Amino acid sequence: MKLETCSSARSALTAVRASLFASACTLAIAFTTAPAAAQTATASRAKAHVDALASDRTEGRLSGSPGERAASDYIIAELKRIGAKPLPGLNEFRIPFDFTAGTKDGGTTVALSCATPAPSCSPRTFSGERDVRALSFSDNTEVSGDLVFAGYGIVVPDAQDFGYDSYATLDVKDKIVLVLRYFPEDADPKAKSILTRYSGLRYKAMAARQRGAKGLIVATGPHSPNAGETIPMSFDTALAGSGVSAASISASVADAIFATLNDREKTLAAAQKGLDSANPHIAGFAIPTVRVTLKPSVLRESRQGNNVFGYLPATTRAVSTSKPWVALGAHYDHLGRGDHGNSLATKEDAGQIHHGADDNASGSAAVLAVGELLAKAPRKRNVLLQFWSGEEIGLLGSAAFVNKPNVPLDQLAAYLNFDMVGRMQDNKLILQATGTSDVWGRLVEQANVAAGFDLLLQSDPYQPTDVASFNQASVPCLNFFTGTHVDYHKPSDTADKINYEDLDRIVEFAAAIARRVIDLETVPIFTKVEQRADPGGGRAGVRVFTGTIPDYSTEVKGLLLSGVIGGGPADAAGLQKGDVVIEIGGQTIANIYDYTYVLETLKVGQGVKVVYTRNGERRETTLTPSARK
Amino acid sequence: MSRGRVGTTVATAIAALAGLTAFGAAQAPSPASSPSTSLSSGSPGSASATTERDFLSRVRRLTIEGKRAGEGYWAPDGKRLVFQSEREPGNPFYQIYVLDLANGEAKRISPGVGKTTCAFFRPNSDEILFASTHHDPKSKQYQEEELSFRASGKERRYSWDYDPEMDIYVASDKTGALRRLTTAKGYDAEASYSPDGQWIVLSSMRDAYNRTLTDKEHKQLETDPSYFAEIYIMKADGSGQKRLTTSPGYDGGPFFNHDGSRIVWRRFDENGLIANVWTMKPDGTDQRQITDFGSMSWAPYEHPSGQYILFASNKLGFENFEVFMVDSAGTKEPVRVTYSDGFDGLPVPSPDGRQLAWTSARSGGSAGQLFLAQWNHEKALDAIRNAPPRQGPKKP
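Same order as they appear, the protein sequences are chains A and B. Its first residue numbered 0, the first sequence is counted upward by one per residue in numbering that gives the first Met the number 0. Its first residue numbered 0, the second sequence is counted upward by one per residue in numbering that gives the first Met the number 0.
Source of the hints: derived by calculation from the structure; they are not laboratory data. Hints should not be assumed to be uniformly reliable.
[Said to hold, decoys possible] Computed beta-carbon distance windows for the label pairs: (1) B:K153 <-> A:K608: 54 to 64 Å; (2) B:F148 <-> A:D173: 31 to 41 Å; (3) B:Q140 <-> A:R617: 44 to 54 Å; (4) A:K608 <-> B:K78: 45 to 55 Å; (5) A:K608 <-> B:Q140: 53 to 63 Å; (6) B:K378 <-> A:P87: 32 to 42 Å; (7) A:I281 <-> B:K153: 38 to 48 Å; (8) B:R178 <-> A:P87: 52 to 62 Å; (9) B:G196 <-> A:P87: 33 to 43 Å; (10) B:K78 <-> A:T314: 30 to 40 Å; (11) A:K189 <-> B:Y208: 28 to 38 Å; (12) A:R618 <-> B:E104: 42 to 52 Å; (13) B:N123 <-> A:R618: 38 to 48 Å; (14) B:K378 <-> A:Q303: 42 to 52 Å.
Remember, predicted model here, so these are calculated numbers, not experimental data. Think of the CB as a built atom: it goes at the ideal place given N, C-alpha and C, for glycine as much as any other residue.
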């Protein structure tokens with residue numbers, strides 16, 4: 000499963016998932032690990048695959064690395080063994096795709112020239128990442144123009160009926176816009192929960208561009224977390240820039256700009272102070288004393304990842320109607336040694352091999368094992384077995400496939416995805432994307448009567464895994480998931496912690512569903528599920544760390560904790576596994592989405608009342624969030 | 000529909016429940032908007048250390064297809080369940096399905112038209128009974144009205160309407176042939192067989208139609224017809240219909256106990272607010288009250304061991320129904336079985352006493368579904384043995 004970066008536009012749930020774990024890496028953590036799976040009488044179908052894929056030899060299976068090559072070699076050997084073939088018209092199982100493996104700043108500069116001779120202005124050029132750093136999605140196009148300070152640069156769409164537009168009174172056409180990072184710091188929680196949805200950097204860049212601005216410069220105000228610092232380049236896998244020239248600047252550069260105004264009311268600090276109440280009538284202003292030249296330089300390293308596809312041809316004449324293919328897939332890539340920003344390793348573990356036994360050797364093993372079962376029985380449809388690379392860095396492999404499919408997408412009856420299926424607890428299995436077709440209710444019901452899982456069905460297909468790519472492509476799809484855990488995205492996600500007994504049950508269950516799809520006379524109809532995430536398409540991200548680990552596999556009213564991170568704020572507040580958080584700072588928490596929005600409104604270092612239940616008893620505590628970068 | 004049907008006086012308030020199949024709350028409001036009463040999950044009365052895991056293991060959701068499902072009753076061999084579900088386009092009301100636990104296939108055995116509810120396998124036979132309104136010429140019209148009402152996006156504080164056309168039918172599982180067993184005007188439903196398959200107990204509101212009502216009773220019929228519901232018994236062919244109860248208020252949901260020596264049912268008070276589990280002899284004598292929670296305790300079903308009765312109650316909060324169990328004589332305080340948000344009710348143990356089927360909204364969403372779990376009979380017996388003697392309801 001892909002770890003979401005805080006600036007990306009994904010579902011609220013995802014944002015929480017990322018944030019909950021992201022700060023764990025700086026803390027010493029002593030967790031009890033899940034017990035190894037009980038020994039079964041018969042050999043596990045999936046165990047050999049997990050052992051091979053999660054071994055040291057594959058070095059964490061980073062996309063485009065020799066470890067990825069080693070893992071794909073194993074998968075190809077297994078595909079051949081079960082009788083799968085390269086796709087029709089191809090000789091190879093491996094299908095390469097290009098991606099950006101990383102971005103860095105190549106020497107972005109911001110030059111100030113004086114618009115009119117003024118004693119307070121002297122021409123200067125700033126460089127060096129401490130003072131100027133491109134935003135990772137920036138174009139490398141030099142832009143010059145007059146400068147306008149546009150407050151927080153937030154535009155809340157009219158449809159939200161909230162009335163906040165940083166540009167309402169400003170003309171920024173052909174100008175360069177300077178904005179503050181994040182959102183008004185002192186807004187009340189409800190206002191914050193709205194503003195935060197429209198405060199992502201990409202969203203701010205888009206808002207500026209839509210009003211005709213040539214470029215965007217972002218400063219972090221003195222009243223905000225990470226005050227005065229340039230913004231780290233987030234990992235961005237786009238192959239090209241986004242059409243906007245954009246950079247962040249330090250406090251000293253910002254101060255130099257504001258100083259040209261020679262007005263004590265118009266400093267960065269004073270401007271932020273005025274804006275922080277989120278009063279929509281407090282506007283930005285032009286800075287007519289300087290002209291700015293922004294020269295961004297983003298270096299993008301291109302690499303090649305490899306998907307692996309094989310197929311089991313239909314044994315009987317394919318169903319005459321249509322859609323003669325059924326696909327099953329899992330990503331086999333992982334984090335390598337975790338140096339790409341998505342590792343949650345502790346300081347002690349940093350740089351170690353991230354084995355990714357659950358994420359996602361388990362899913363890859365499931366696809367191989369289901370494929371082997373399907374290979375032994377007659378088939379009315381072709382079975383496509385797909386192993387994705389590039390998932391951890393942005394669903395790149397599956398996106399490459401749906402953008403340039405080797406099998407026409409309208410020939411796919413359905414797609415079954417497996418991502419993290421090796422840590423089942425208490426018989427709980429999560430099925431996601433069930434809203435993508437009406438057919439799933441019946442097929443899953445039939446198969447589960449025998450399988451007997453305690454199923455949690457989630458209709459939402461906008462998940463941080465490859466099922467999202469197939470949903471985008473309007474293919475009925477389903478994702479199998481056994482929930483996240485304390486070893487997620489850490490070197491300690493190892494093969495000995497996999498619950499093989501239940502993984503084998505999942506394989507049987509998935510094979511039963513696949514068989515039913517293969518035999519369907521009437522093809523499943525795709526149903527579009529409306530996206531629940533923020534319409535703004537970008538959020539500032541969660542800035543606080545609470546150290547809670549929500550339980551995603553059980554739906555209760557409130558937020559059930561499957562644990563807390565040792566030494567973290569939740570731990571310090573006395574929260575523990577099994578507690579159900581029902582209120583934070585006076586806001587009712589009915590579900591994980593409520594929790595996400597409340598999280599975004601918390602302040603670092605500022606205690607907040609948390610109401611929770613433990614064994615049915617209502618309790619209160621004060622939790623003091625700490626900062627995450 | 001539900002053998003646990005509650006009177007309409009309370010049904011309006013109850014409609015706020017989290018999408019109860021059992022209450023027909025087809026468009027119930029989201030649980031998130033309701034007060035957090037259901038979060039108080041502590042065991043009431045006693046600081047009993049039991050939890051759901053003591054009694055239930057391998058909990059799983061059995062039905063998935065369709066909007067809602069519930070009221071699952073076992074075939075005598077334990078290999079199938081008959082249940083009601085809304086799962087076919089065109090009919091927004093329950094129909095009756097038989098679920099084969101070997102292959103997961105669900106087959107409809109009711110006509111598909113109109114409303115149905117409360118099915119039961121006839122022992123030593125291929126017959127299955129249920130209540131249905133399909134003979135009503137207006138059935139399709141009602142279906143279309145309900146569908147267009149839903150399409151309009153409006154929400155109804157839906158309540159079970161005690162359709163007076165509801166009558167008892169028997170379908171042959173092999174041939175599909177249908178026989179009608181009751182014809183009386185007034186709701187006839189909530190029927191079940193004796194263990195030998197020779198007798199049927201049911202709940203009927205015919206008393207509201209077969210005599211002259213006082214003005215007060217007329218008003219009662221308009222606001223809450225369930226007030227007139229009484230328990231009846233008849234032979235399996237529908238002959239010899241005989242009334243067993245006469246107390247004012249809704250008597251419903253009758254089942255024979257394990258050996259057919261008694262009938263267990265639930266009785267509402269006159270106001271339709273408080274219900275309790277009762278038992279009586281099949282001739283209507285020796286009526287005994289088994290529970291005294293001062294809340295709505297209903298949907299009782301005896302464990303095949305004969306030692307205890309499972310039932311549902313909202314003792315812990317108006318919207319939070321949980322499954323409880325009590326010794327068959329009702330001498331002890333009931334023991335709580337389920338611990339989850341939202342609705343848990345209509346518990347039915349398997350014929351071997353080792354599994355429990357029930358209806359729950361624990362999977363989230365707005366409607367109940369059938370659930371299944373392994374049942375720990377030994378732990379249940381222990382817990383009942385250790386339960387304190389029965390206390391009455393706490394007086395406010």
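Hint check results:
1. For K153 of chain B and K608 of chain A, the hinted distance range of 54 to 64 Å is not satisfied, since their beta carbons lie about 39 Å from each other.
2. Restraint check, F148 of chain B to D173 of chain A: a C-beta distance of roughly 56 Å breaks the suggested window 31 to 41 Å.
3. Remark: the range hint 44 to 54 Å for Q140 of chain B to R617 of chain A is upheld by a beta-carbon distance near 50 Å.
4. Restraint check, K608 of chain A to K78 of chain B: a C-beta distance of roughly 54 Å satisfies the suggested window 45 to 55 Å.
5. About 55 Å separates the C-beta atoms of K608 of chain A and Q140 of chain B, a value consistent with the hinted range of 53 to 63 Å.
6. A hinted range of 32 to 42 Å for the beta carbons of K378 of chain B and P87 of chain A is inconsistent with their spacing of about 58 Å.
7. Separated by about 43 Å at the C-beta atoms, I281 of chain A and K153 of chain B satisfy the suggested range of 38 to 48 Å.
8. The hinted range of 52 to 62 Å is satisfied by R178 of chain B and P87 of chain A, whose Cβ atoms lie roughly 58 Å apart.
9. Taken as a hint, the range 33 to 43 Å is violated for the pair G196 of chain B and P87 of chain A, whose Cβ atoms sit roughly 60 Å apart.
10. About 32 Å separates the C-beta atoms of K78 of chain B and T314 of chain A, a value consistent with the hinted range of 30 to 40 Å.
11. Separation of K189 of chain A from Y208 of chain B is about 55 Å and departs from the stated range, judged on CB atoms against 28 to 38 Å.
12. For the hinted restraint 42 to 52 Å between R618 of chain A and E104 of chain B, the CB-CB distance of approximately 48 Å keeps it satisfied.
13. Under the hint 38 to 48 Å, the C-beta atoms of N123 of chain B and R618 of chain A, about 55 Å apart, miss the expected range.
14. K378 of chain B and Q303 of chain A have their C-beta atoms about 59 Å apart, which leaves the hinted 42 to 52 Å range violated.
Consistency note: the structure conflicts with the earlier hints numbered 1, 2, 6, 9, 11, 13 and 14.
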